[in-house]
Amino acid sequence: MAEKKTNRRDFLFTATYAVGAVGAGAVVWPMIDQMNPDASVKALASTEVDVSSVGPGKTITVLWRGKPVFIRRRTDEEIEEARSVKLEDLKHPEKDEDRAQNPEWLVMLGVCTHLGCVPLDQKGDYNGWFCPCHGSHYDTSGRIRKGPAPTNMEIPKYEFVNANTIKIG
Amino acid sequence: MSDHEYNPKSKFGKWFNDRLPLLTLANHLTDYPTPKNLNYWWTFGGILTFCLITQIVTGLVLAMHYIAHADMAFDSVEHIMRDVNYGWLIRYIHANGASMFFLAVYIHIFRSLFYGSYKAPREIIWIIGIIIYLLMMAAAFMGYVLPWGQMSFWGATVITNLFSAIPLVGEGIVTWLWGGYSVDNPTLTRFFTLHYLIPFLILGLVVLHIWALHVPGNNNPVGIDIKKPSKDTVPFHPYIVIKDGFALLMFMIVFAFFVFYTPNILGHADNYIEADPLVTPAHIVPEWYLLPFYAILRSVPDKLLGVIAMLSAIFILAALPWLDTSKIRSAVFRPLYRQFYWILVADVLILGYVGAMPAEGLYLLIARVATAYYFLHFLVILPVLGFKEKTLPLPISITEPILGGSPNLAAAKNREGLKE
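In order, the protein sequence lines correspond to chains P and L. Residue 72 in my numbering sits at position 74 of the first sequence, with consecutive numbering throughout. Residue 415 in my numbering sits at position 403 of the second sequence, with consecutive numbering throughout.
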């Protein structure tokens, strides 16, 4: 063949491949998406917790969406410690004021942001949490201070329904 | 495959073979010319085949009694241990079989590293082997999740979270893997499905692995190319079959020792506690065969880089045929490589040891040095060594140094003139 010229047959090939690719994608997607969280998992979206029995310096752990949530009633020293830290010293700079709406209550996902273990309360170099799996240290605001975790422990969406009840989710 | 034509003796055999040449294949496998100097390190291919079959058969039987549900999995495993006839035996064979499988595969891999079996023309055999090794790790990991004990649950959490290190899409991928917002029942059922599937993928790859092996034929301890068939080869049957069989018996003694005398020594006591999403065990460690990679993961203080380092440590092996620039295969003729080889063996053992220890203080320092050395070996030492090393002279054939009557190859080489 001398010079390759685009002809009707080339158009048909391209069009066939394109339609075939769309069709294959339409078949593959349900196979992939079936692995995403299903309706029953998504339905367990929020949970209400009574915190009236939690004294200062105590933490309770509740299960929300299969994950532990720490609810800690912080002492004045802990709040003071969390608020006096300079933002430059933080690996993931976040003000304590932004993490705890009500300074006395810290509500956060008890999941280490490294690889998902549950950190231990009142441990580590910063009087906050310490993850035993790979040695991440968190401060009294749940912010990462030392170790492999990239970010602070996550604050879930929550609100005080009344003085004694927190709704998570 | 086989160069010579095979003619079945019986009339039926010929009729059948003309339609489906299975007898030709069987003949190829029995007559397959094998270097006559293969040592016992070459018996692990057969041992690994045995391990795979053992895992498939025991796994199939366990699946008849196991229930893949977060509420019932733990109890169903105890049911297997206490109620099912010989359930304890079958489960202990399956659980320890995984460890035996890895023990054999590590010996098999390090045999290749010593004798340069990954070099041309055997690169494809090597790469298929690495893929099999990766699938083995995936199968072992998912299998460990199925009893739904504490180590199952938290091991699954930690390993799946490795994917969250991927920028932007990481969290989405992890949720997709879990089928929820944490490791839970959807995760367990899909892991069971995949754990069932992977051994059959491995079986298919093993066929390709052996097929690719039968094209150039076996490497050998001297590492030189040999004519096939020739005075340097023996037929696979009965010579290699008997030798492999004997090695397999020895291996089964070790296997049986673990199954009958210390069936739980390679596991973790924490896995006899049912999974609890609220409490992480104080000390999470993977199974022993994954420890070196776990040490590499933990030695890097950054999440994404740690994951990259760990995966690179495995994938770097696939590039080995091109990283090793030396044309000489066997370490027997590479005095410097031989020393670096043993340093690498020690390095991997050290990584395994610190991987089991807490990641702090001196252990962390050792892990970092050992991780750095691991990459140094493959990325710097091997490429440079191929150019710098003064290798020993190779014999002309396998038979030559033996008939020369002297292990000193230089002496054998002097006789070269006499030989003609």
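In short, the hints are calculated from the structure, not lab data. Check each hint, because a few of them may be wrong.
Short, incomplete list of chain P residues facing chain L, as computed with Cβ under 10 Å [to be verified]:
1) Met33
2) Gly64
3) His112
4) Phe158
These numbers were taken from a predicted model, which means no experiment stands behind them. Heads up, the beta-carbon is just placed ideally off N, CA and C, and yes, glycines get one too.
Status of each hint after checking the structure:
1. Met33: Because about 5 Å separates Met33/P from the closest Cβ in chain L, which is inside the 10 Å limit, the hint holds.
2. Gly64: Holds. Min distance 3 Å.
3. His112: Nearest chain L Cβ about 6 Å off; hint holds.
4. Phe158: violated, 23 Å
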